[in-house]
Amino acid sequence: QQQVKQSPQSLIVQKGGISIINCAYENTAFDYFPWYQQFPGKGPALLIAIRPDVSEKKEGRFTISFNKSAKQFSLHIMDSQPGDSATYFCAASSPPWRNSGYSTLTFGKGTMLLVSP
Amino acid sequence: NAGVTQTPKFQVLKTGQSMTLQCAQDMNHEYMSWYRQDPGMGLRLIHYSVGAGITDQGEVPNGYNVSRSTTEDFPLRLLSAAPSQTSVYFCASSYRGGPTGEQFFGPGTRLTVL
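Taken in sequence, the protein lines are chains W and P. Using my numbering, the final residue of the first sequence is 117, and nothing's skipped along the way. Using my numbering, the final residue of the second sequence is 114, and nothing's skipped along the way.
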């Protein structure tokens, strides 16, 4: 059962345009929603994250919009640049494992973004 | 700090062979995890550890073994490699008290099983 659904699988955007990637989740126990960025041949790296009590978070050109009632969240990349070309993963964090403080991450399947010059 | 390091970068195995993927971190993180990444599948959790001597299974643990004898190291063992284990493997670490969901990933090991 896929708990985090991500779309689209791939996306081509012109330089200067807005890139939008959407995710939907099923488990209402998820309590943190990070986005990871991965360049070819590299490991994923945390880009931006949001908690469910906030509807929007902005960091530079990157914005997360969160709709708790619809169980959906999205990443918007404003003024997209060729350097933003990468694979983006949304994820959802489960409550800590027992009393350890560790939270497991459930990832979407990823979106390959290409920003054309 | 080197962060999270993984060795080897590439490996080719024959079916039935065993091997260990190495992972080390120098950030004194309590938590470490192993993921596999397959095309169109995202990252799936194999095993994780919340401290030395404490490990647990993730979503896809079959065919893999882990142990955590030190804070720094978290090796992943393939007991008898199968073609279905062809994948890119990522190790990640995170720290107690850090932002939930923030994990630091290594550069990955690309494994091919023939």
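Since the hints were made in silico from the structure, they are not lab data. Where hints are given, some of them may not hold.
Straight line, CA to CA, 20 Å or less: simulated EDC-like cross-link-like pairs of lysine to aspartate or glutamate [stated by the list, open to error]:
1) W:Lys109 with W:Asp79
2) W:Lys42 with P:Asp56
3) W:Lys58 with W:Glu26
4) W:Lys109 with P:Asp26
5) W:Lys42 with W:Asp79
6) W:Lys57 with W:Asp84
7) W:Lys58 with P:Glu59
8) W:Lys5 with P:Asp26
9) P:Lys9 with P:Glu102
10) W:Lys71 with P:Asp38
11) W:Lys109 with P:Glu72
12) W:Lys68 with W:Asp53
13) W:Lys58 with P:Glu72
14) W:Lys57 with P:Glu102
15) W:Lys5 with P:Glu72
16) W:Lys71 with W:Glu56
17) W:Lys42 with P:Asp38
Away from chain P, derived, C-beta distances all over 12 Å, residues of chain W [said to hold, decoys possible]:
18) Gln3
19) Leu11
20) Ser69
21) Leu105
Ideal Cβ placement from N, Cα and C applies to all residues, glycine included.
Tested hints:
no.	hint	in the structure
1	W:Lys109 with W:Asp79	violated, 24 Å
2	W:Lys42 with P:Asp56	violated, 26 Å
3	W:Lys58 with W:Glu26	violated, 24 Å
4	W:Lys109 with P:Asp26	violated, 29 Å
5	W:Lys42 with W:Asp79	violated, 24 Å
6	W:Lys57 with W:Asp84	holds, 19 Å
7	W:Lys58 with P:Glu59	violated, 32 Å
8	W:Lys5 with P:Asp26	violated, 34 Å
9	P:Lys9 with P:Glu102	violated, 23 Å
10	W:Lys71 with P:Asp38	violated, 26 Å
11	W:Lys109 with P:Glu72	violated, 29 Å
12	W:Lys68 with W:Asp53	holds, 8 Å
13	W:Lys58 with P:Glu72	violated, 34 Å
14	W:Lys57 with P:Glu102	holds, 16 Å
15	W:Lys5 with P:Glu72	violated, 33 Å
16	W:Lys71 with W:Glu56	holds, 14 Å
17	W:Lys42 with P:Asp38	holds, 14 Å
18	Gln3	violated, 10 Å
19	Leu11	holds, 15 Å
20	Ser69	holds, 21 Å
21	Leu105	violated, 6 Å
Violated hints, in rising order: 1, 2, 3, 4, 5, 7, 8, 9, 10, 11, 13, 15, 18 and 21; the structure is consistent with all others.
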